[in-house]
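Participant: As a plain string of letters, each chain reads:
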Amino acid sequence: MPDQPSDTYQPGSREDFDRLYRSAYPRVYRTLTAILHDPAEAEDCAQDAFVKAFEAWKRWRPDAPAEAWIHRIAVNRAISYRRSSQLRTVGELLRRLGRPAGGDDPAQVATKPDLLTALRSIPPKLAAAIVLRHYHGYNNREIAVALGVSERTIGTRLSQAAERLRPLVERSSSEAFSLEVSSALSSEQETSSYAEH
Amino acid sequence: MPNTEHDPLDRGFDWRLKAALDRVTPPPSNPRYASSVMGGARAWPLVPALVAAGATVLLAISATAFTGSANPLVWVERAGSTIQTVNHTPEAAPSAEPNPTTPRNAPAAQAQPDQGPDHQANTAEPKDSPEPTERPEPTDPPEPPSSSGNHSGQRSSPIPPSN
Numbered sequence: 001m002p003d004q005p006s007d008t009y010q011p012g013s014r015e016d017f018d019r020l021y022r023s024a025y026p027r028v029y030r031t032l033t034a035i036l037h038d039p040a041e042a043e044d045c046a047q048d049a050f051v052k053a054f055e056a057w058k059r060w061r062p063d064a065p066a067e068a069w070i071h072r073i074a075v076n077r078a079i080s081y082r083r084s085s086q087l088r089t090v091g092e093l094l095r096r097l098g099r100p101a102g103g104d105d106p107a108q109v110a111t112k113p114d115l116l117t118a119l120r121s122i123p124p125k126l127a128a129a130i131v132l133r134h135y136h137g138y139n140n141r142e143i144a145v146a147l148g149v150s151e152r153t154i155g156t157r158l159s160q161a162a163e164r165l166r167p168l169v170e171r172s173s174s175e176a177f178s179l180e181v182s183s184a185l186s187s188e189q190e191t192s193s194y195a196e197h
Numbered sequence: 001m002p003n004t005e006h007d008p009l010d011r012g013f014d015w016r017l018k019a020a021l022d023r024v025t026p027p028p029s030n031p032r033y034a035s036s037v038m039g040g041a042r043a044w045p046l047v048p049a050l051v052a053a054g055a056t057v058l059l060a061i062s063a064t065a066f067t068g069s070a071n072p073l074v075w076v077e078r079a080g081s082t083i084q085t086v087n088h089t090p091e092a093a094p095s096a097e098p099n100p101t102t103p104r105n106a107p108a109a110q111a112q113p114d115q116g117p118d119h120q121a122n123t124a125e126p127k128d129s130p131e132p133t134e135r136p137e138p139t140d141p142p143e144p145p146s147s148s149g150n151h152s153g154q155r156s157s158p159i160p161p162s163n
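In the order they appear, the protein sequences are chains R and X.
Heads up: the first sequence begins at 1 in the numbering used here, then just goes up one per residue.
Heads up: the second sequence begins at 1 in the numbering used here, then just goes up one per residue.
Extracted from the complex, chain X is given alone in its bound form (with noise of 0.2 Å):
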């Protein structure tokens, strides 16, 4: 371990450094940190500029996804038809809710919440209506056995032609 209060270097070293470096004089210039603002709070004012800028880049993206197009104009439309349709949607939604006026539906809605998933699951799948039958449309008559085994694809006619 060194001596940490030895000094390695003689005295006169001391003196050469003091004459070498008192020797320097730095040249005369105006304070850098004068022209910042102490705490970094010079950025601060930038600050609801750079939010607003996002945000704006951010809703013009979103528009530009939603509606498929870069045109300001569509977005513009796309918008107000979008908010017809908000505005029109309660219109329509009274006729769902349970009307206590109406003494037939409000069984029928207030049992609804009571009832568990599974109903839920059996009113949207109905046991008992028929399943629908998928029965293939009839098509082209099919084709009469050719003997000639002709898949030249020129249709022979059933009737043999007569001379």
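The shape of chain R in the complex, shown without the other chains (with noise of 0.2 Å):
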């Protein structure tokens, strides 16, 4: 698991927890970003994760890894961000009852990247357990004491979600390749990052 030894930070201590912070906070953030739709959601609530995870740090215990403790509240705060968010849109589709639906700027649509895309449309846990096995290597047993449950349910969340994922990569990756033609000469970093794949 990417994360410093267990032994290294003191609970309770301030110093650790800045340390904790500036090693975790961006991989945090990024993982929040696979699961909630907007950068600001992912920023507020990796923020209100340290929040809670500094209150309760005097009890963290060491026999669990740090930010694996820290990824579980803030999957578990994404998690319910999205379920209230989801809530947010019906009440917001039921008011504009009656209007054309709007879709997504198209120009905002051409600049997402696809695989952060098809990952936002699957079920928040689903997502945190794709990331974390393939983004941040964690195992499933070390997934399953992240987000407090069976390697089974783990195992069982990698299967569905490389399911509902696999279409939509897949179609996902024919449609970048176009996306990538059309913008190659606007932003050469963006081709360079592509043509690793």
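These are computed hints drawn from the structure, not numbers from a lab.
Incorrect hints may appear among the rest.
[To be verified] Ranges of calculated distance between the beta carbons of each label pair, as one might list FRET restraints:
hint	chain 1	residue 1	chain 2	residue 2	range
1	R	E15	X	P48	30 to 40 Å
2	R	A64	X	P72	56 to 66 Å
3	R	R14	X	N71	23 to 33 Å
4	X	A49	R	S150	43 to 53 Å
Predicted model, so just to flag it, every value in this text is computed and none were measured.
Think of the CB as a built atom: it goes at the ideal place given N, C-alpha and C, for glycine as much as any other residue.
Take the two lone chains and join them into the complex the hints point to.
Facilitator: So, in structure tokens, the structure goes:
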């Protein structure tokens, strides 16, 4: 697990929590970016997660990796955030009932990384498992510890996520190729990152 | 049961996910936890003020209910009179208490604790005392029967008018 040894953090130490924040915040933020639809939402949830963790820092037990513990708080926060966001979306839809439904801004859709769009379209629990496994490099046991569920549940979630993502990823691959061609002249950096694939 | 360690997605998925998320950089922002106090201790300084405010509200409600007035001056007057009453009560109390210097009251005072509640009930309601007879007070004399059956409410004179 890409985390410092747990014994390097002292529960309740402000300096250690500052160090944990500096090392874990970017990774937690990226995890939440794959779960939530908006970078501002990801930042808000990540900051909330660190506030909650800081309030409970004295009670943190070093037997669990600190970053996994932060991830657990952050993913739970993101799940509840997405749930409430969906409720707000339903309310907004009901308010706008009768009006023509406006889709996403085409320019925004064109600049969105397609894989992240696909990840955001699946349930957040599944997306979190995928990101922890395929981006952070956790194994199933570590994901289970981080999310507070059993290894079997993690295996099920990973399989379900793969089933849902596979058609989206295959479709987005072809679309990404066309997008890449169209934006090749405008963004040299993006072209180079896509070229890695 | 799914194979928990099997990668259902191919290796290219990992590379693409890594490339996509590595491009995401968190915006520079001050950590929000830095403005909070560890352990939720930020609420503790407010506890005495909250307790004092609650006690004041309870006192005001109790005083209003006791005096029936929302005016604090009334509360003060009522409290002063209550304190005076309490201070006067011990002065009158010794006459009821058993006084060892007065042998006439002593046996009666000593005998009271030994006697059961029946005796208290008897003392409360003495059997020998005559029951008060409730005699109806004489009211207006009964009206003489009216032969005419006048129910008009006018009182007829018992003496016939002399012509």
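Participant: Starting from the hint list further up, note which numbers the structure goes against and sort them upward.
Facilitator: Violated: hint 3 alone.
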